[in-house]
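Put chain X on the given structure of chain E with help from the hints.
Keeping their order, the protein sequence lines are chains E and X. Whatever position you read off the first sequence (first residue = 1), add 43 for the working numbering. Whatever position you read off the second sequence (first residue = 1), add 43 for the working numbering.
No copy labels: a pair is met if it fits in one copy or bridges any two.
With a Cα cut of at most 27 angstroms, we get these calculated BS3-like pairs of lysine-lysine: (1) Lys67 with Lys78; (2) Lys67 with Lys108; (3) Lys78 with Lys68.
Hints listed in this document are in silico derivations from the structure and should not be mistaken for laboratory results.
Protein chains: 2
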Amino acid sequence: MPRPTEALLDRRRIGRAALALVDKKGDFTIPELAKRLHVQPSSLYHHVDGRADIVELVRLEVLNKLDHTLLRSHSWDQGLAAWARSYRSVFAEHPAAIRMLATAPVRSPELIDAYEGATTALLEAGFPREQALAMFVALESFLLGSALDLSMPEVMIEGVDPERHAVLTGCIAALPAGISRPEQAFEVGLLALLEGFRASLGTEHARGAPR
Amino acid sequence: MPRPTEALLDRRRIGRAALALVDKKGDFTIPELAKRLHVQPSSLYHHVDGRADIVELVRLEVLNKLDHTLLRSHSWDQGLAAWARSYRSVFAEHPAAIRMLATAPVRSPELIDAYEGATTALLEAGFPREQALAMFVALESFLLGSALDLSMPEVMIEGVDPERHAVLTGCIAALPAGISRPEQAFEVGLLALLEGFRASLGTEHARGAPR
Numbered sequence: 044m045p046r047p048t049e050a051l052l053d054r055r056r057i058g059r060a061a062l063a064l065v066d067k068k069g070d071f072t073i074p075e076l077a078k079r080l081h082v083q084p085s086s087l088y089h090h091v092d093g094r095a096d097i098v099e100l101v102r103l104e105v106l107n108k109l110d111h112t113l114l115r116s117h118s119w120d121q122g123l124a125a126w127a128r129s130y131r132s133v134f135a136e137h138p139a140a141i142r143m144l145a146t147a148p149v150r151s152p153e154l155i156d157a158y159e160g161a162t163t164a165l166l167e168a169g170f171p172r173e174q175a176l177a178m179f180v181a182l183e184s185f186l187l188g189s190a191l192d193l194s195m196p197e198v199m200i201e202g203v204d205p206e207r208h209a210v211l212t213g214c215i216a217a218l219p220a221g222i223s224r225p226e227q228a229f230e231v232g233l234l235a236l237l238e239g240f241r242a243s244l245g246t247e248h249a250r251g252a253p254r
Numbered sequence: 044m045p046r047p048t049e050a051l052l053d054r055r056r057i058g059r060a061a062l063a064l065v066d067k068k069g070d071f072t073i074p075e076l077a078k079r080l081h082v083q084p085s086s087l088y089h090h091v092d093g094r095a096d097i098v099e100l101v102r103l104e105v106l107n108k109l110d111h112t113l114l115r116s117h118s119w120d121q122g123l124a125a126w127a128r129s130y131r132s133v134f135a136e137h138p139a140a141i142r143m144l145a146t147a148p149v150r151s152p153e154l155i156d157a158y159e160g161a162t163t164a165l166l167e168a169g170f171p172r173e174q175a176l177a178m179f180v181a182l183e184s185f186l187l188g189s190a191l192d193l194s195m196p197e198v199m200i201e202g203v204d205p206e207r208h209a210v211l212t213g214c215i216a217a218l219p220a221g222i223s224r225p226e227q228a229f230e231v232g233l234l235a236l237l238e239g240f241r242a243s244l245g246t247e248h249a250r251g252a253p254r
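Just chain E, same shape as in the assembly (with noise of 0.2 angstroms):
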């Protein structure tokens, strides 16, 4: 018979569950999870189709609060840059999960929708196909990055000797007030990479290439 908090388990209660483990200690065993959950790993496969399911379920509570028609209801430029500061947030919010979620496949179609609001923005913009998805991804790779470095402290180099590393001592002087330290980077980031994919929507257009 189960018990009564079997009854109340579902796919979110689970991936919920999945997250605070992996926000704790970066992964997740069925049997810790089943014992977060109070019921037996077995109860777990009425709802889930094995680990890699729950990764997933891990990644769509990561996730939910991110609005993927943001990709869709501007310029692609504007779309991206939307939706990346809104992708670097909420995985601030679980930096021991970016390495899971960043080497496991997306199966979530809600998630693979995303993929296709981005690569459909791109080639409507004027992108080749073969380099879309391409460029997706390696904003994906900065946001990621960028999302951890919201954990660096302010100071983030320590010990600059101002003799040895004058250059340097000079530009943490230089620092802009008002921002902090990772905002500015993310911003001089973000703005190059969009800056460098229009450069080369230029160069494409330019040479005619197929598309």
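Same frame as chain E, but now just chain X:
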């Protein structure tokens, strides 16, 4: 009386053992590390100055194959590109260490030298002092995310529906042969980032921004 192995304890050995633990589970504790080295925790403190010092030894161990002089041996963009390809490769061998190292301040003089080299190259190229560090950090964020992507399977999206995801299906079919998926994404992103930096240089020059 110290045990035989204690006589052999040195900072390099401590760094190697800590990295082995981090490779397995993304983190280490002092008792685990002492156990692995067959010493008492107190013996470690004859060689290291606390946990942050050990984290830095892990960083040195990961980066010991990286040649930071690349940053200063070419034009700024060729130097950054060569250094970047090498940096991604060394981190790709230690994906579980990425989070720890991306969120702990850099403290080793020899690694701070790399920041000095990078900022010097960027300033000599004409980039403004207030932006050089942000550019380098943005590049590092991209590289760490790209290193994680090398642990993602070649097929990174499972269950693409040819009807619901028609554009994405076309993009995947059009992926270039002869280059792996993560490799293509990395090169596309790296070149875009550098091109975006180059474009901002033009702007700075054009408007004669103070440096």
